[in-house]
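Going down the list, the sequences are from chains E and A.
Numbering-wise (the working numbering), the first sequence opens with residue 1 and increments by one.
Numbering-wise (the working numbering), the second sequence opens with residue 1 and increments by one.
Rather than coming from a laboratory, the hints here were simulated on the basis of the structure.
Please note that the accuracy of each hint is not assured.
[What the hints assert, rightly or not] Capping the alpha-carbon separation at 30 Å, the derived lysine-lysine pairs in DSSO-like fashion look like this:
| no. | chain 1 | residue 1 | chain 2 | residue 2 |
| --- | --- | --- | --- | --- |
| 1 | A | Lys337 | A | Lys304 |
| 2 | A | Lys466 | E | Lys322 |
| 3 | A | Lys451 | A | Lys406 |
| 4 | A | Lys401 | E | Lys320 |
| 5 | A | Lys466 | E | Lys203 |
| 6 | A | Lys506 | A | Lys486 |
[Said to hold, decoys possible] With beta-carbon atoms standing in for the labels, derived distance ranges:
| no. | chain 1 | residue 1 | chain 2 | residue 2 | range |
| --- | --- | --- | --- | --- | --- |
| 7 | E | Thr224 | A | Asp26 | 46 to 56 Å |
| 8 | E | Gly77 | A | Arg64 | 39 to 49 Å |
| 9 | E | Thr86 | A | Ala443 | 34 to 44 Å |
| 10 | E | Ala4 | A | Asn470 | 21 to 31 Å |
| 11 | E | Gln5 | A | Lys53 | 50 to 60 Å |
| 12 | A | Thr179 | E | Val327 | 39 to 49 Å |
| 13 | E | Pro195 | A | Asn470 | 56 to 66 Å |
| 14 | A | Lys53 | E | Pro17 | 50 to 60 Å |
| 15 | E | Val327 | A | Phe476 | 13 to 23 Å |
| 16 | E | Lys194 | A | Gly160 | 40 to 50 Å |
| 17 | E | Pro17 | A | Phe454 | 41 to 51 Å |
| 18 | A | Asp165 | E | Gln210 | 51 to 61 Å |
Virtual Cβ for every residue (Gly too), placed ideally from N, Cα, C.
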Amino acid sequence: MQPAQILQPRPEGIYCPAADLYIDPTRPVPRALITHGHSDHARAGHGSVLATPETLAIMAARYGAEFAKSQQALAYGERVTINSVTFSLHSAGHVLGSAQAAAECGGTRVVASGDYKRQYDPTCAPFEVVPCDVFITEATFALPVFTHPTAEHEVKKLLASVAMFPERAHIIGAYALGKAQRVMAELRRAGWDKPIFIHGALKALTELYQSLGVELGDVRHVETAPKSYYAGAIVLCPPGALQTPWVRRFPDPVTSVASGWMRIRARARQQGAELPLVISDHADWHDLQRTIIDTGAREIWITHGEADALAHWCEGQGLKAKALHLVGYGDEEEPAGAAA
Amino acid sequence: MNRFAALLDRLAYEPRRLGKLALLEDYFRTTPDPDRGWALAAMTGALTFKNAKAGLIRNLAAERTDPVLFGLSYDFVGDLAETVSLIWPADAARANAQLTITDVVEGLRETRKEDLPGVVANWLDRLDENGRWALLKLITGALRIGVSARLARTALAQIGGKTADEVEDVWHAVEPPYTALFDWLEGRADAPSVATSVRFYPPMLSHPIEPEEFAALDPAAFSAEWKWDGIRVQAAAGKDANGQRVARLFSRTGEDISGAFPDLVAGFDFDAVLDGELLIKRGGGVQDFNTLQQRLNRKSVTAKLMAEFPAFIRVYDLLALGDEDSRALPFAERRAKLEAFVAAHPLAPIDLSPLVPFDTWEDLTFARADPADAGAGVDADAVEGVMIKRLDSPYLAGRPKGYWFKWKRDPMVIDAVLMYAQRGSGKRSSFYSDYTFGVWTEAGELTPVGKAYFGFTDEELIELDKFVRNNTENRFGPVREVTHTKTKGLVVEVAFEGLQRSTRHKSGVAMRFPRFSRIRWDKAPRDADTLEALVKFLPKGAER
Chain E
1 MQPAQILQPR
11 PEGIYCPAAD
21 LYIDPTRPVP
31 RALITHGHSD
41 HARAGHGSVL
51 ATPETLAIMA
61 ARYGAEFAKS
71 QQALAYGERV
81 TINSVTFSLH
91 SAGHVLGSAQ
101 AAAECGGTRV
111 VASGDYKRQY
121 DPTCAPFEVV
131 PCDVFITEAT
141 FALPVFTHPT
151 AEHEVKKLLA
161 SVAMFPERAH
171 IIGAYALGKA
181 QRVMAELRRA
191 GWDKPIFIHG
201 ALKALTELYQ
211 SLGVELGDVR
221 HVETAPKSYY
231 AGAIVLCPPG
241 ALQTPWVRRF
251 PDPVTSVASG
261 WMRIRARARQ
271 QGAELPLVIS
281 DHADWHDLQR
291 TIIDTGAREI
301 WITHGEADAL
311 AHWCEGQGLK
321 AKALHLVGYG
331 DEEEPAGAAA
Chain A
1 MNRFAALLDR
11 LAYEPRRLGK
21 LALLEDYFRT
31 TPDPDRGWAL
41 AAMTGALTFK
51 NAKAGLIRNL
61 AAERTDPVLF
71 GLSYDFVGDL
81 AETVSLIWPA
91 DAARANAQLT
101 ITDVVEGLRE
111 TRKEDLPGVV
121 ANWLDRLDEN
131 GRWALLKLIT
141 GALRIGVSAR
151 LARTALAQIG
161 GKTADEVEDV
171 WHAVEPPYTA
181 LFDWLEGRAD
191 APSVATSVRF
201 YPPMLSHPIE
211 PEEFAALDPA
221 AFSAEWKWDG
231 IRVQAAAGKD
241 ANGQRVARLF
251 SRTGEDISGA
261 FPDLVAGFDF
271 DAVLDGELLI
281 KRGGGVQDFN
291 TLQQRLNRKS
301 VTAKLMAEFP
311 AFIRVYDLLA
321 LGDEDSRALP
331 FAERRAKLEA
341 FVAAHPLAPI
351 DLSPLVPFDT
361 WEDLTFARAD
371 PADAGAGVDA
381 DAVEGVMIKR
391 LDSPYLAGRP
401 KGYWFKWKRD
411 PMVIDAVLMY
421 AQRGSGKRSS
431 FYSDYTFGVW
441 TEAGELTPVG
451 KAYFGFTDEE
461 LIELDKFVRN
471 NTENRFGPVR
481 EVTHTKTKGL
491 VVEVAFEGLQ
501 RSTRHKSGVA
511 MRFPRFSRIR
521 WDKAPRDADT
531 LEALVKFLPK
541 GAER
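Could you put together the complete structure from these sequences and hints?
This is how it looks when you write it as structure tokens:
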């Protein structure tokens, strides 16, 4: 069977005609498969939604329990056949519950990986390599300038700054779903045992992570207190809050942003980061290449990001590559919204 | 190099002036000579290397990386030094080898041109990512770390318990690596000596004024002159301590720009410091800024260039005459001395900025509206408004309140349609921030009329970038064509300072200083302006 008969790009998202199903559609559709809970991939208002139990829980926390007419949970590795196409979900290592969607028919397998990373992340299952004929990949950081250091290394940098300025508060802008919890878990791994303070916008998802068994230690909501109370504190907030009067409640704050974009100085300055932390939930240049090779796919479709560069590399490897230029993804990587 | 790299890195991320000062002060206090002097020279733009240029870096990168990927990366990052520092294949085994800024500066100065690529590649292999960035910034000469020469001098003043003005006074008597300067600052030697008349004085700046503010001002207490659209300069000439003639031309920030205007400086036959505007005079009239720019943007100053774009200075203030500092005198007295001075130096490449006579603010309003008719005559193209100065104002450094006002001509404004976007560089790198916009022709098509890079806030930039990415019709390398039909597209209000005929532009006109003044999310492209409406802004006689 031709891969394009199994999955094909449409303006609304990746479409499976046999199952009449869209993967991560950007508009309401009758049947959707959602790879993960970030708002550019998981939108409310679909007819039925197929996703991992964690992703369904995240969507419920964000949009309310009635975010779709019906929901179907599919755990990693479970299979479901809709008309002639068999779907299964496999861990993508991006955020809690994130999955790659494998669609198989007549011995041909296409994997839509959603967003993914290969780095260690204490808050979610590691990426699973799923051999396939066509691998559909993101390309958020598909340029050779993007080589992410380990999160461990970046958190050390943060703790060194906290030790250097014990009288100041460190405010870290981190996306509310995934990044914030990963930074907290990495802080714990690095031995930070004091309370971690969070902005109200991070509360619901952080509590959800904890209820799903992710250990984050003593996490407290920022409350009205004298400035001195937050001396030496580590505080997390959505990146957008860094530019608001909210930060004025902290003593001489050191502003930081945890994002893969922090690799680029201009981006860091644009977001007002004095202490940029290169912590990304997306694969960097080398991990994108490694993953493409690992899957054994002969054909690569690129959904969004720096598609031209990745397609160029694929062609150099003798792989067929196609840039889909899908619109509507990657909004979370925007400085205004959040951070990758 | 590691220390210097760490300083640059921290300065680049430190937004606060006081924070920057503390970092600089700490570096100068704790770094030995001559490293700190070379660092100071690098930060104040006093270093140039004859053989080490951006092209060399590009070639090195091309040898070690895939050219397509390098091109895409450079387009994204928007900064050559940063792109190469990030993309350079790391050699962990050799990283962190000891290399001082002095080694690098001396190496860049002394290495023969043909050996330089090998030497620089070797350094890049030995440095870590941050070190590579600092090295490449040093070579390209564009540090962009938010340190002005003034800020560096303020930090120096702090380590020596001096004022920034005291450091300013001796600045032009010292040279990299500034050991004499540090000796003085740290009390080991006397101040380096400098002739009184051959120095830079921090300029006096004006405040913008709005029409409603005139009611509170007495016209009899002020004088007015044209605001010239050139570059603000100081011409300083006299004898140094050894009796040698010295002549220098300074920019408004105190950079010595004599090298770019040898024709001018050669004619400084006086002992004085003059404040004025550098302009180009051709065919009897003073040329507009567009013409001046054609001389400014050249790498080398050739005889042809000097002949084609003859520069002179239209002077409007006298800061020192001989050994005498005249800045404390009231403006009216300085003006009288200046008039006598200009009359006494008919051969110097200077002339007097004329006063604009007026009795009431209404008179001045009319003059500003039509400079050609109000005395500026053939020079009117170079007028960008009027300057209003209190007759009793001393010459004070900086922007003191209440003395000098600038009343600029109103900008011209049109509604245009966004047509193309390209990723920017510098602060706005990686965003689509360079915009080409167009207006409607009689045939009902859009024709590009200009490019704008600013005039929007950071928040608007994010929205614009998103609009470009979500409405891309075509990709031409780094350029994206965005949707621009009659009904779909983005209208932007563009403000500009003037319009002139241009054969280089398809539309036949070129705007001066175009920028976005508003983004009209509310307007449909069909409601944007026409080329016919735009050409009405051409100067009189050039409409056709």
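Check the structure against each numbered hint from earlier and tell me which ones fail, lowest number first. 1, 4, 7, 9, 12 and 13
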